Amino acid sequence: MISNRRLMLAHFWLAFAVFGLAVLLGEWQMFIRSPLHGWLHNPDLYYRSVTAHGTVMGYVFPTLVAMGFGYAICELSLGQPLIGRRWAWAGYIMIIVGSVAAVVPVAMGLDSVLYTFYPPMIGNAFYYIGVVLVVVGSWVWVVLMGINLNAWKRAHPSAPVPLPMFANVAAAYLWGWTAVGAALELLFQILPVALGFTNTINAGLSRVLFSWTLHAIVYFWLMPAYIAFYTIVPRAIGGRLYSDTMARISFALFLVFSMPIGIHHLFADPQVGSGFKFVHSVFTAMVAVPTLLTVFTICASVEIAARLRGGKGVFGWLKALPWDNPQMLALAFSFVMLGFGGAGGLINMSYQLDSTVHNTQWVTGHFHLIFGGAIVIMYFAIAYDLWPHLTGRAMQHLGLIRTQLWLWFIGMIVTTFPWHYVGILGMPRRMAYFDYTGMSAEAVSVIMSTVGGALLVVSAILFLVILYRNHSGSRAEIAPFTFSRAIHEPTSLPLALNGLGLWVGLMMALTITNYGYPIARLIGLHDAQVPAVFIGAKR
Amino acid sequence: MAETFSAKSNDTAALAARLEKRWAFMMVSIMALLVGVMIFTGLHWAMMPPSRVETINPSTLHVSGEFVESNLGSAVEADGSITVRIIGQQYSFTPQCIVVPAKTPITFRVTSADVIHGMLITGTNINSMVEPGYISTFKTEFEQTGDHLMPCHEYCGVGHEAMWANVRVVDKDAFSKMAAKAGRLTCDL
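These protein sequence lines map, in sequence, to chains X and S. Our numbering numbers the first residue of the first sequence as 1 and each following residue consecutively. Our numbering numbers the first residue of the second sequence as 540 and each following residue consecutively.
Hints were generated in silico from the structure; no laboratory data involved. Among the hints, erroneous ones may be present.
[As the list claims (entries may be wrong)] Straight-line C-alpha distance at most 20 Å; calculated EDC-like pairs for lysine to aspartate or glutamate:
| hint | chain 1 | residue 1 | chain 2 | residue 2 |
| --- | --- | --- | --- | --- |
| 1 | S | K716 | S | D686 |
| 2 | S | K711 | S | D618 |
| 3 | S | K560 | X | E489 |
| 4 | S | K560 | X | E303 |
| 5 | X | K319 | X | E303 |
| 6 | S | K560 | S | D550 |
[As the list claims (entries may be wrong)] What follows is a set of in silico ranges between Cβ atoms, one per label pair, in the way DEER data are often shown:
| hint | chain 1 | residue 1 | chain 2 | residue 2 | range |
| --- | --- | --- | --- | --- | --- |
| 7 | S | E593 | X | A520 | 12 to 22 Å |
| 8 | X | R475 | S | A556 | 44 to 54 Å |
| 9 | X | I410 | S | L554 | 38 to 48 Å |
| 10 | S | R561 | X | G505 | 23 to 33 Å |
| 11 | X | I519 | S | T679 | 26 to 36 Å |
| 12 | S | T684 | X | I347 | 23 to 33 Å |
Small disclaimer: the values here were computed from a predicted structure and weren't measured. Heads up, the beta-carbon is just placed ideally off N, CA and C, and yes, glycines get one too.
Bound conformation, chain X alone:
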């Protein structure tokens, strides 16, 4: 039962519209810096595009998907209309205003600082204010998710919280807390300079604060995909969820371990000592555990579906899976990309190997494979699954949907594998131009990536067309939406797995132990306050 269809559709459509535009920018960037195009006379156009692509893909698109999906989960799993509908719309409008405020100065070339900000470079204040508005708008959602869960718990004392809502609120709290790092950087460091109150900044401190946000944000992007793994796919392919408890443990572990690990982005930095670098490296290893648990639970759930369909043998059951079902296809593609991307991630997080690949195209390849690949393909799957319930019209053209998923998968592999390779050869990230003279390995690889990007553009367009055409399809009787059921459904749960209090407490405590000292020490380093360098200023 969904009572706020318009709210959810508004979130999803805005998310997918800006996603479509950002995909085009991404492909343009790859073309411009490939050997297929000569030197760009105004390289700033490239950096504007990178800033816009990153800002949309990092902040706006996944946040809107998490919000729209979160509102849907809230109503569907709790079986009660959303509390705070007006606030939800207010948050949505804040995101629109913030996005416009951010993107206009970027397009004008006043804020070519990339979505990672890079102080002491300082751009026009409107960009930063816009990003803050987007974050504050999403915090409205965080608060609403907590309020809705608590209202349900009061009405259903000691009943097990539905798994989708448990995971959804975990995602909301994770985002609420992880966004604090960048918010501190923007409010206390960057905006005072951008607004002219001061003109020096500690760039090392900024990087540490940003790393607080930078890693856990990836897990926030990932949460909707994982929620779909556990609560949509097993039902959609006719199976059961192997374990409700393990699902809850995985989400709780994500909440705890994705936060205190961001300094693994700063292994090559001079402002953090090796002790804390090592601690964060170890904690990064731990965050791999909930993903590995998920792989087991989901593969087991899929096997259950296959055996229910008559699958036999140790591996023979794989043939019995409903491979023509888009959810099955999306899950398989997602796992393959998660496997390669995760293996790359283990290399990045290791204390020693990182220096071979830090800030090279390897890293670009890595996070595109994980986020653009494994996660975004599940965003597609979520949309395909929810759309009939939002529009009241059945999803047609399953063949087209399968083509779209295949194209995205192939496109992502063809784009990111050569990226990893040129990274090992030493090609840095974020360059508007690269001299390929005498570097045929790089030239061929980059051209392959550009071709992969073109496939992604085609797939993105196809995705938008499929969703758009559904709105004008014929009305149909849509069966009520259900989430996956576990084989052994919980009748009562220990307090720790029926709420998030303990895990949020651990998340905050670990953040403070792993970040408290480095931040306090850097705040005390007054010598490291350096003059700001303003974008476009005459030097």
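Based on the hints, put chain S in the right spot on chain X.
Then chain S, alone, in the frame of chain X:
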């Protein structure tokens, strides 16, 4: 009948939980092994990321202290090791071409005069951020002679893609001959 069903269901639930625990134990062991390898290589080969936190005022770099113009480039230390001092600025490195001997311990000391930069030396695992206000220090040794590219690997403004330097690794004897003539060496000379 209902009772036997629920007993059977409890059995399968216990089996499912046992399998899960076994998998979880295996996965935690694999991650622990990886961490163990990291600790071993870190201690045994002293392979660690840069560890020192040292600050410096970027606005007086060129006029006083360790990073004055005349002190940049490669210098021979009393113990025979080499110290290379480099400044990054929008959009170049000083010196633009660095010369070092092969098979000799080398310490790099690098900082920035304006915004955040980075440097990597292609074909090696030398890779560091270069930040204003801080000095990056790291040690290495080149096994073979040859030329390497040294791009800036962090976005530093509109001219970022043009910020490159070169590293020339020369034979130890050739380097000593050059060092006898000048105190600070660069291949621009």
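Hint by hint, which ones does this structure get wrong, listed from lowest number up? The structure conflicts with no hint, since it agrees with every one listed earlier.
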